[in-house]
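Colleague: Here's the letter readout for the chains.
Protein chains: 2
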Amino acid sequence: MKLNTDTITPSTVKVVKLEQEILAANEVTAAANRSLLQSKKIFAINFISSPGSGKTTLLVETLKALHGSVRCAVIEGDQQTTNDADRIAETGVPVVQINTISACHLEAVMVQQALNQLPLDNIDLLFIENVGNLVCPAEYDLGEQEKVVMMSVTEGEDKPIKYPLAFHLATALVLTKIDLMPYLRFDKQRCVENAYKIHPGLPIIETSAYTKEGMIPWLEWLKGKI
Amino acid sequence: MKLNTDTITPSTVKVVKLEQEILAANEVTAAANRSLLQSKKIFAINFISSPGSGKTTLLVETLKALHGSVRCAVIEGDQQTTNDADRIAETGVPVVQINTISACHLEAVMVQQALNQLPLDNIDLLFIENVGNLVCPAEYDLGEQEKVVMMSVTEGEDKPIKYPLAFHLATALVLTKIDLMPYLRFDKQRCVENAYKIHPGLPIIETSAYTKEGMIPWLEWLKGKI
Numbered sequence: 001m002k003l004n005t006d007t008i009t010p011s012t013v014k015v016v017k018l019e020q021e022i023l024a025a026n027e028v029t030a031a032a033n034r035s036l037l038q039s040k041k042i043f044a045i046n047f048i049s050s051p052g053s054g055k056t057t058l059l060v061e062t063l064k065a066l067h068g069s070v071r072c073a074v075i076e077g078d079q080q081t082t083n084d085a086d087r088i089a090e091t092g093v094p095v096v097q098i099n100t101i102s103a104c105h106l107e108a109v110m111v112q113q114a115l116n117q118l119p120l121d122n123i124d125l126l127f128i129e130n131v132g133n134l135v136c137p138a139e140y141d142l143g144e145q146e147k148v149v150m151m152s153v154t155e156g157e158d159k160p161i162k163y164p165l166a167f168h169l170a171t172a173l174v175l176t177k178i179d180l181m182p183y184l185r186f187d188k189q190r191c192v193e194n195a196y197k198i199h200p201g202l203p204i205i206e207t208s209a210y211t212k213e214g215m216i217p218w219l220e221w222l223k224g225k226i
Numbered sequence: 001m002k003l004n005t006d007t008i009t010p011s012t013v014k015v016v017k018l019e020q021e022i023l024a025a026n027e028v029t030a031a032a033n034r035s036l037l038q039s040k041k042i043f044a045i046n047f048i049s050s051p052g053s054g055k056t057t058l059l060v061e062t063l064k065a066l067h068g069s070v071r072c073a074v075i076e077g078d079q080q081t082t083n084d085a086d087r088i089a090e091t092g093v094p095v096v097q098i099n100t101i102s103a104c105h106l107e108a109v110m111v112q113q114a115l116n117q118l119p120l121d122n123i124d125l126l127f128i129e130n131v132g133n134l135v136c137p138a139e140y141d142l143g144e145q146e147k148v149v150m151m152s153v154t155e156g157e158d159k160p161i162k163y164p165l166a167f168h169l170a171t172a173l174v175l176t177k178i179d180l181m182p183y184l185r186f187d188k189q190r191c192v193e194n195a196y197k198i199h200p201g202l203p204i205i206e207t208s209a210y211t212k213e214g215m216i217p218w219l220e221w222l223k224g225k226i
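Heads up: the protein sequence lines correspond to chains A and B, in order.
Numbering of the first sequence is given in this note's numbering, commencing with residue 1 and proceeding in unit increments.
Numbering of the second sequence is given in this note's numbering, commencing with residue 1 and proceeding in unit increments.
Here chain A stands alone, though its shape is the one from the complex:
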């Protein structure tokens, strides 16, 4: 018995209006970040995913693989802790940790402050790891060139249609933890179909940071950007 499937939305116009103001202010700072990055010839990627989908683990493997050929840097976004920045720092790559405290996403102004602390003249590729959240991070332009959405195969096939904006805006979908596929009821074909419903032709790269499967196509995709 399904009683109702109508849309129930927040009732206060005030919230929407203010959100628009915040987003408009964010756009201005994002444009400044983008100009700065372009002037320094830095390609910046905004990584968006659920918590625990494996962003940092893939990033660590990526940084190791690019060591010596591409000059990378990382901005880490988390509500709390410097765990992720600590993991990145072990690779020797410059990293700035942003702790958002109560905010569920990075905003352009936070990235602007982080950029001030990075050696911008010595960076080709900047990874911005957003707060683990498939919703709000997609709404805030940080000044990056492209967004990459990641999801682990343990999360289920329906994520692209339940959280469409991130998949709509991304220029690639990285499927992570594919080494777990034999132990899951994950229907990859349905996941791909769902992703294409939101973003026809979206490049989909299947990876496992543990078995290293898919790392070569992923690195090729990255190198094609710089």
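Check the hints yourself; a few may be wrong.
Since the list gives no way to pick one copy over another, a pair counts as held whenever it fits inside one copy or between any two copies.
As the list claims (entries may be wrong) - The calculated lysine-lysine pairs, modelled on DSS-like cross-linking and capped at a C-alpha distance of 30 Å, are:
id, residue 1, residue 2
1, K225, K64
2, K197, K40
3, K188, K40
4, K188, K64
5, K223, K64
6, K197, K225
7, K197, K223
8, K41, K197
9, K188, K212
10, K64, K212
11, K41, K223
12, K225, K188
13, K188, K41
14, K64, K197
15, K188, K223
Derived by calculation from the structure, the hints in this document are not laboratory data.
Dock chain B against chain A, hints included.
Modeller: The following block gives chain B in isolation, referenced to the frame of chain A:
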């Protein structure tokens, strides 16, 4: 080389002030929801987790197991789609789907509207499945009696310390997908320690909706509440 781990927070006081106004208005509606639920002798649980941690799957198994002994109902929160409500509806339990569109969390006013559509005189236990997100859902009281936080063992041991508020406020942590443990490098002991850092003594219930492991302690925990 870790350049900086200082906290960078949003710079606009305006945002914080308005957030406080929104939260204050939410509290009023949440209190009204709580009164209504208490007057109807309904125990309401607010389920919070990342996307894809298995909330709906566990819920479906829970509803099947409680069929005939406890009168349940469900409020489903998602940005988009009625997928989850459709899955719940197959169990025969009353369900209302809330689509939040751009919002990354449920608010009390949405739950208030959903309650109007449920047969409140015939419900003992109400499950409110929040939007898949470990951040903002923890900030919004919906009028529930208790919050339960869920995380899948695929998400990593650090989630309690990276997203502390949900773990702080919850009265139980349900670890899901424990059937996948043999294939992961998940350190359960460290996860438990992290959870206790945030919430000493938090009851932790290990479950697998596939193997049904842990369902009995979970159902006992639920029955103890009503």
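Colleague: Are the hints correct? Go through all of them and say.
Modeller: Right, here's what the structure says about each hint:
Taking identical chains as interchangeable, the C-alpha atoms of K225 and K64 lie at most 30 Å apart only when both belong to the same chain, with a minimum of 18 Å there against 50 Å between chains. Taking the shortest Cα distances, K197 and K40 never come within 30 Å of each other, neither inside one copy (36 Å) nor across copies (43 Å). In this assembly of identical chains, the alpha carbons of K188 and K40 never lie at most 30 Å apart, being 39 Å within a copy and 44 Å across copies at closest. Proximity of K188 to K64 under the C-alpha cut-off of 30 Å is found in both arrangements, the shortest distances being 28 Å within a copy and 27 Å between copies.
Proximity of K223 to K64 under the C-alpha cut-off of 30 Å is restricted to the intra-copy arrangement: shortest distance 14 Å within a copy versus 50 Å between copies. For the homomeric pair K197 and K225, the shortest alpha-carbon distance inside one copy (25 Å) is at most 30 Å, but the shortest distance between copies (42 Å) is not. Proximity of K197 and K223 under a CA criterion of 30 Å is satisfied intra-copy only: 27 Å inside one chain copy versus 41 Å between copies. Taking identical chains as interchangeable, the C-alpha atoms of K41 and K197 are never at most 30 Å apart, the minima being 34 Å within one chain and 43 Å between chains.
For a Cα distance limit of 30 Å, the shortest separation of K188 from K212 qualifies both inside one copy, at 19 Å, and across copies, at 24 Å. Taking the shortest alpha-carbon separations for K64 and K212, only the intra-copy value of 12 Å comes in at or below 30 Å, while the best inter-copy value is 40 Å. Taking CA atoms no more than 30 Å apart as the test, K41 paired with K223 passes inside one copy only; the shortest distance there is 14 Å, against 60 Å between copies. For the homomeric pair K225 and K188, the shortest alpha-carbon distance inside one copy (27 Å) is at most 30 Å, but the shortest distance between copies (39 Å) is not.
Taking the shortest Cα distances, K188 and K41 never come within 30 Å of each other, neither inside one copy (37 Å) nor across copies (44 Å). In the homo-oligomer, the alpha carbons of K64 and K197 never lie at most 30 Å apart, since the shortest distance is 34 Å inside one protomer and 32 Å across protomers. For the homomeric pair K188 and K223, the shortest alpha-carbon distance inside one copy (26 Å) is at most 30 Å, but the shortest distance between copies (37 Å) is not.
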